[in-house]
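> In order, the protein sequences belong to chains A and B. Residue numbering for the first sequence follows this note's numbering, starting at 1 and increasing by one per position. Residue numbering for the second sequence follows this note's numbering, starting at 1 and increasing by one per position.
Worth flagging that the hints you see were computed from the coordinates, not collected in a lab. Errors might be hidden in some of the hints.
The list makes no distinction among identical chains, and a pair is therefore deemed to hold if it is satisfied within one copy or across any two copies.
Below, simulated EDC-like cross-link-like pairs (lysine to aspartate or glutamate); rule was C-alpha separation at most 16 Å, straight line [what the hints assert, rightly or not]:
1. Lys294 <-> Asp233
2. Lys472 <-> Glu462
3. Lys178 <-> Asp492
4. Lys372 <-> Glu395
5. Lys523 <-> Asp506
6. Lys32 <-> Glu359
7. Lys322 <-> Asp274
8. Lys105 <-> Glu52
9. Lys294 <-> Asp518
10. Lys33 <-> Glu460
11. Lys2 <-> Asp233
Number of protein chains: 2
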Amino acid sequence: MKLRVALAQINPTVGDLEGNAALISEYTDQAKKAAADVIVFPEMVLTGYPVEDLAMRASFRSASKKALAQLVTSLNPSIVSVVGYLDESTTGAPQNNVAIIYGSKIAATYTKRHLPNYGVFDEFRNFVPGDSTLVIRVKGVDIGIAICEDIWHSLADLAARKPGLVLVPNGSPYERNKDDVRLALVQKRAKEIGAPLAYVNMTGGQDDLVFDGDTIVVDARGVVISRAAQFQDQLLVVDIDSATQTSTPDVVISESGVEASDSLPPAVAARMSDNEEIWNALVMGLRDYVAKNKFRSVVVGLSGGIDSALVAAIAVDALGAKCVNGVAMPSKYSSDHSVEDATAFAANTGIHFRNVEIEPMVQSFMQSITLKAVAAENIQARVRGTTLMGISNQEGHLVLATGNKSELAVGYSTLYGDAVGGFAPIKDIYKTDVWALATWRNAQATARGEVAPIPQRSIEKEPSAELRPDQKDSDSLPEYELLDQLLTRYVDGDQGSAALIAAGFDSALVMRVIAMVDKAEYKRRQYPPGTKVSVRAFGKDRRLPMTSRWSEA
Amino acid sequence: MKLRVALAQINPTVGDLEGNAALISEYTDQAKKAAADVIVFPEMVLTGYPVEDLAMRASFRSASKKALAQLVTSLNPSIVSVVGYLDESTTGAPQNNVAIIYGSKIAATYTKRHLPNYGVFDEFRNFVPGDSTLVIRVKGVDIGIAICEDIWHSLADLAARKPGLVLVPNGSPYERNKDDVRLALVQKRAKEIGAPLAYVNMTGGQDDLVFDGDTIVVDARGVVISRAAQFQDQLLVVDIDSATQTSTPDVVISESGVEASDSLPPAVAARMSDNEEIWNALVMGLRDYVAKNKFRSVVVGLSGGIDSALVAAIAVDALGAKCVNGVAMPSKYSSDHSVEDATAFAANTGIHFRNVEIEPMVQSFMQSITLKAVAAENIQARVRGTTLMGISNQEGHLVLATGNKSELAVGYSTLYGDAVGGFAPIKDIYKTDVWALATWRNAQATARGEVAPIPQRSIEKEPSAELRPDQKDSDSLPEYELLDQLLTRYVDGDQGSAALIAAGFDSALVMRVIAMVDKAEYKRRQYPPGTKVSVRAFGKDRRLPMTSRWSEA
């Protein structure tokens with residue numbers, strides 16, 4: 001039986017039940033028009049994902065169930081829709097569920113059985129797991145259901161039920177090379193189960209996470225039938241040859257049916273290069289952070305250096321130049337090329353630009369309190385932070401912080417100074433990657449016959465914080481090429497000092513870098529910002545999404 | 001058999017393996033001198049608790065095991081020591097364990113079976129659970145072991161083994177009225193198991209948590225035999241009548257023995273009043289945050305109002321007046337009594353005090369950028385924050401933020417302004433409780449014939465942020481009596497709007513307050529401070545303790 005399956009690679013918003021429901025309806029209608037038998041949405045599409053501690057609010061669970069009930073009556077009844085939502089167990093505990101909707105009824109539900117509780121995931125905190133498999137029959141095809149983490153574990157129990165097809169809604173965040181890992185996993189499970197597998201993932205930014213899509217369909221041998229584009233909303237419609245009546249289904253929706261008369265060509269989107277992938281993740285993450293939090297514009301301090309230029313270039317691609325405000329804030333230690341290069345960036349891109357001299361503010365502090373050395377350097381960064389926040393409060397822009405991962409990891413940053421901002425677009429990007437991305441983005445522009453956004457001098461100049469005369473990053477830090485290699489192993493790879501030394505790095509340098517990272521890590525915690533406050537009695541804060549449209553009021 | 005059990009209610013430091021080991025040795029020697037047969041330490045005493053994601057560092061697990069091995073050879077071999085530490089499963093996964101140490105050997109280990117994963121706890125993330133009970137025989141008494149969360153679940157399997165005594169190491173954080181809940185639970189489990197139960201808890205501050213001690217021993221009927229003082233380090237030594245040879249132990253340390261010749265009187269410490277409890281929690285939390293992070297002194301902005309006075313009074317009790325630096329930072333909108341009351345507080349307590357006029361700094365910003373209304377108000381708060389951070393950087397004091405829970409919950413606070421600080425002592429205290437605690441602390445002073453620290457006018461004046469002429473909190477907020485009732489129900493009690501309205505609150509007011517709380521909650525997330533940055537690839541930050549002595553370097 002050739003089953004036509006539509007996979008909705010879309011971008012829901014956490015807490016926006018009404019908006020997400022409208023999106024689900026719209027895509028269901030599209031799928032029906034394409035003669036699809038089934039449409040599958042990403043994990044928890046109705047509430048958005050991840051909902052974090054919103055799962056524990058009774059009022060939110062009840063709103064999710066109510067929104068689902070409304071959707072059941074309004075969705076096109078002649079197509080099977082697989083819709084993720086937040087439900088409750090019989091004892092009132094939160095569940096990460098999908099509903100199988102058909103004929104204006106819920107034909108079945110399935111509860112995610114394997115809850116990830118590592119890295120960015122906290123699902124043991126937020127959900128109780130399900131304990132049963134689900135197989136539904138559609139046009140004679142017995143379809144097994146799994147949700148995201150479920151397929152990272154053995155699905156022997158589902159395999160034993162011999163489904164003719166497996167559908168998997170996901171909320172799988174982007175990481176470098178994650179697409180390769182995903183594909184291999186999807187292929188492995190399909191072969192183990194002996195059935196085609198359709199994996200649908202969401203797109204969009206949600207707080208610190210970016211979902212890259214990368215929806216995949218493979219056949220029972222693991223061969224790719226179709227694959228969606230990365231970082232793009234898309235309805236991927238696929239004809240999947242599926243064996244019929246292979247199982248004893250829990251629910252029969254239809255015993256047999258007619259195949260679509262036309263035949264869809266296989267569609268496998270081209271893969272992006274590493275730099276293109278990262279660039280798209282940064283742009284999508286920023287665009288959604290701004291839009292989903294109902295900002296319209298951003299403001300960023302432009303030092304003439306590479307970090308702030310890269311952040312502003314990401315913002316231009318995410319929001320358009322008219323929504324980006326650059327502010328040069330030179331001090332007496334700023335080089336001549338500082339304001340020149342900031343001005344050149346603004347001219348290249350067409351963003352709004354202004355220049356605020358910070359010397360009068362710095363002087364007023366220096367005359368009121370006694371400040372020397374690092375304390376005096378920090379005042380300059382904090383005057384800049386206060387200036388950006390003032391402009392933000394007055395004009396309504398979101399402030400972007402420009403720190404990169406290398407300098408943040410070793411604590412080369414001023415709290416309440418250059419660290420000020422609601423979103424830090426390149427906090428996960430090492431300095432060497434900052435240069436690589438800037439070069440890549442400029443080359444893309446040149447190849448398209450556009451003006452390269454980032455001034456070449458910003459890329460080539462020696463990094464400096466310009467907080468005292470002739471200061472260079474290399475006064476305080478190892479060369480970035482070397483530093484980034486160490487950080488990649490220590491911070492990302494969790495390799496200890498012994499492993500780093502064994503890998504051939506100088507032992508004094510290893511200990512110096514580890515000491516800097518650990519000190520910075522604790523300093524960030526010793527000075528948790530005023531904003532990270534608990535409003536719980538002697539407890540840590542509730543873990544709620546930064547970005548959400550949910551409020552009871 | 002009268003078994004003599006020593007319960008070490010002590011204050012370990014997360015990551016300080018050497019210091020904690022020394023503390024364990026010292027208390028073991030003390031217990032031996034008191035002729036105790038067994039000494040029990042709090043949960044994970046060797047590593048400190050909670051270690052959060054440090055559990056996932058192989059180098060930290062290996063350091064914990066090495067420290068345990070050293071302790072085994074150095075502890076007094078003629079007493080049974082029950083010592084919590086971080087171990088690994090055979091597959092290398094982290095475990096929350098206790099070791100039973102006797103005769104310079106590890107006689108047995110037990111792995112925590114129930115992992116809390118709610119509220120402040122993340123143990124599913126950090127540990128794998130154990131799956132077996134442990135009973136050891138000491139002087140013929142069969143002793144069952146459970147760790148903290150274990151006793152919040154049914155211990156039917158342990159009860160079935162019929163131990164003659166149960167020992168429970170804990171890391172149980174303070175909450176209001178937690179002592180009543182704990183006592184009832186300990187009594188219930190002792191009765192269910194049919195054996196005496198000894199519950200030992202730690203003391204001390206760890207990041208946002210405070211451990212209050214409250215070590216309890218009950219007999220098999222649940223009657224309290226002994227109870228330690230709250231918020232004090234103490235070795236509680238208790239004679240416990242325990243039935244012998246009731247079980248089939250996993251390990252036999254000794255089949256019988258001689259009872260101690262003397263007899264200890266039962267010791268049940270008096271309970272503190274609610275205000276005294278909270279005060280002690282605040283003082284202990286601040287003292288340990290400062291000491292464990294290796295600060296020696298604090299700086300706090302003194303507005304003449306009640307919040308900053310209360311924070312400074314807590315700091316004086318925690319650190320002594322000589323370690324507290326008060327800074328008045330009046331603006332043109334400050335009332336006359338602002339600086340007078342700040343000066344009076346300093347005179348009452350003997351803290352260091354200085355006055356920094358902020359008008360010149362505020363004017364320099366106003367002349368450089370266009371700021372009106374709230375944007376202009378915020379500049380004043382941010383100039384104060386920058387001033388405190390400048391003094392902190394120059395002189396090395398930790399900045400204390402003075403926001404209370406009521407104003408933080410509704411967002412009546414300036415990010416990077418009054419929210420600046422490494423620790424916010426009263427962030428969990430509602431405004432009405434701020435007044436009550438100030439009054440209580442002053443009365444305590446008066447009763448002891450001391451000068452009351454907090455000026456009466458600071459307690460009585462109408463709350464104002466003094467950021468514009470004649471501003472009052474009541475311009476923007478409901479009266480605190482009413483606001484705090486609503487916040488207690490909505491924020492702490494997770495009651496929804498329907499429940500609040502049903503409880504008789506005005507529906508417009510309910511919706512207004514909920515909207516303020518939700519907006520503030522999201523604002524705090526939309527502007528996560530520059531400091532809360534991930535150094536992980538597209539992931540959230542590792543969850544490490546703010547306070548820890550652990551570094552590989």
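> Work down the list of hints and note, for each, if the structure agrees.
Consistency of the hints with the structure:
1. Lys294 <-> Asp233: Neither: 20 Å inside a copy, 51 Å across copies.
2. Lys472 <-> Glu462: within (7 Å within a copy, 51 Å between copies)
3. Lys178 <-> Asp492: within (15 Å within a copy, 39 Å between copies)
4. Lys372 <-> Glu395: Between copies only: 10 Å across, 34 Å inside.
5. Lys523 <-> Asp506: For Lys523 and Asp506, neither the intra-copy (26 Å) nor the inter-copy (45 Å) Cα distance is at most 16 Å.
6. Lys32 <-> Glu359: neither (64 Å within a copy, 67 Å between copies)
7. Lys322 <-> Asp274: Answer is neither: 28 Å inside a copy and 57 Å across each miss the 16 Å cutoff.
8. Lys105 <-> Glu52: Neither, since 28 Å and 45 Å both go past 16 Å.
9. Lys294 <-> Asp518: between (36 Å within a copy, 15 Å between copies)
10. Lys33 <-> Glu460: neither (53 Å within a copy, 70 Å between copies)
11. Lys2 <-> Asp233: The answer is neither: 25 Å in one copy and 72 Å across copies each exceed 16 Å.
Checked against the numbered hints given earlier, this structure breaks hints 1, 5, 6, 7, 8, 10 and 11; the rest are met.
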